[in-house]
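Residue numbers (my numbering), protein chains in the order written: chain Z, 1 to 139; chain W, 1 to 139; chain D, 1 to 139; chain B, 1 to 139.
No false leads were mixed into what you were given.
Below, a list of computed lysine-lysine pairs in the BS3-like style, where the Cα atoms sit at most 25 Å apart: (1) D:Lys138 / W:Lys88; (2) B:Lys106 / Z:Lys88; (3) W:Lys88 / D:Lys106; (4) B:Lys88 / D:Lys138; (5) B:Lys88 / B:Lys46; (6) W:Lys88 / W:Lys46; (7) B:Lys88 / Z:Lys98; (8) B:Lys98 / D:Lys46; (9) Z:Lys106 / W:Lys88.
It should be emphasised that the hints constitute simulated quantities derived from the structure, not laboratory data.
All values derive from a computational prediction rather than experimental measurement.
4 protein chains.
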Amino acid sequence: MKDDPVFEMATRVFAAQPFTVFLGAELIEAGAGFATITLPLRSDLKQQHGFAHGGVVSYLADNALTFAGGLALGGDALTSEFKINYVKPAGGDRLIAKATARSVGKSQAVCQCDIFFEERDGTPTLCAIAQGTIVGLKR
Amino acid sequence: MKDDPVFEMATRVFAAQPFTVFLGAELIEAGAGFATITLPLRSDLKQQHGFAHGGVVSYLADNALTFAGGLALGGDALTSEFKINYVKPAGGDRLIAKATARSVGKSQAVCQCDIFFEERDGTPTLCAIAQGTIVGLKR
Amino acid sequence: MKDDPVFEMATRVFAAQPFTVFLGAELIEAGAGFATITLPLRSDLKQQHGFAHGGVVSYLADNALTFAGGLALGGDALTSEFKINYVKPAGGDRLIAKATARSVGKSQAVCQCDIFFEERDGTPTLCAIAQGTIVGLKR
Amino acid sequence: MKDDPVFEMATRVFAAQPFTVFLGAELIEAGAGFATITLPLRSDLKQQHGFAHGGVVSYLADNALTFAGGLALGGDALTSEFKINYVKPAGGDRLIAKATARSVGKSQAVCQCDIFFEERDGTPTLCAIAQGTIVGLKR
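Kindly generate the complete structure, drawing on both the sequences and the hints.
Put into structure tokens, the structure is as follows:
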């Protein structure tokens, strides 16, 4: 994705989110209607049973949905609402959230997101799915 | 809530969540079917426009829902799914999430949560509402 | 609510929905930010176990949310999205959905709805809760 | 799907739902983890603007999710909760809901559903997407 101006713009917005930097997430792929975010699962991000905290997984869903939808809408955007189902405890070494826009209108996009955890060898396991509405910010 | 054994147990579980400690959240009230969590809104928790990141607000919803439902169910529990609507950008000095169980069965509870931000003078403004399913862990 | 022009307007819109007439629902209360709909539970509306079909309960949620939100926004509106949790099988003689707007902006309202079934003696039991976004139609 | 015992069982359960018969829906495809339901869009099923009522679309989502999840779980099941985003007004001649199980556990399945409307010439347009939890009934 290097040298892609849309990806570079998205990366700048992503890096301008203090919470994203605090967690250590990385935007590894992004374009009109899609975004992929990864996050190494260090111990600060866990709950009392040693898995990723639900709030970490929901952060990834929220943010991947926002970027997929915002890039589909062509600019800055925010998540109006989303819903997440946790389907497996999120263990492993790294979390990956992949969001895509399923429907794009003039002012809002409806997106879905799959969240996986990855073992050290890279095997992915689906741990959550999410769906939400992204609204473009008027400029 | 001091000297209440349910609140003391809940406080221990809460403090055993590394992510909760990392964010700096505090459980200020909890019992069978309700939980209130606060979080000072420092800059690490913000997005690029200076408001609380959606992932921070969704962490509060997820965790307050889990504690309200888990305490209603009488033990350790996890969030199976939830939905959140962000209704206002979350500014202010402090976030507060108040969750209550609306229906409690043998193995699951359905809960709702209001999330507010508070100005320095304590005035609360509703910034998100959430609804979700909490499932008790078999023991 | 007789002689209330807002309620009369809402009643006209309600009666102009062929599906609502087909099901036999009645709008019994409505104003800026709230709406109550009832539906006698006849056998056509049931599923294979003798309870109200989930689709009937979700119709009530969808429609009560739309009217509560639309009236809060001051005009015709549609449901952009909603989420429903079924908390008890819906038996009894009559269903009642009560929706209220929790947050109202310029173009959208976020609403919640409780759905009850009523025994012959009028005792209500909560059977579902819903939450959704209503968007005003531009005029 | 003729002569498939799973499809035949599903068809019997489907036909045993009075509300499904009342609306005129048809189960055209079903197996472990998937189900497709169609519904001719006659005028009784519309709202005041001539499109399918949201309650009709949500009925299709609810029921397709239940059959996809129930067949994945191997028996009778019910929808615990779901969320639906309406992405386009549902016009056309016929609605089609296609649901698939995304994750299947011992007692519950998490499913997604796309709902389309079809013009007379068969062209499909996505009009809603849904996601929900199906719980197996203990036997």
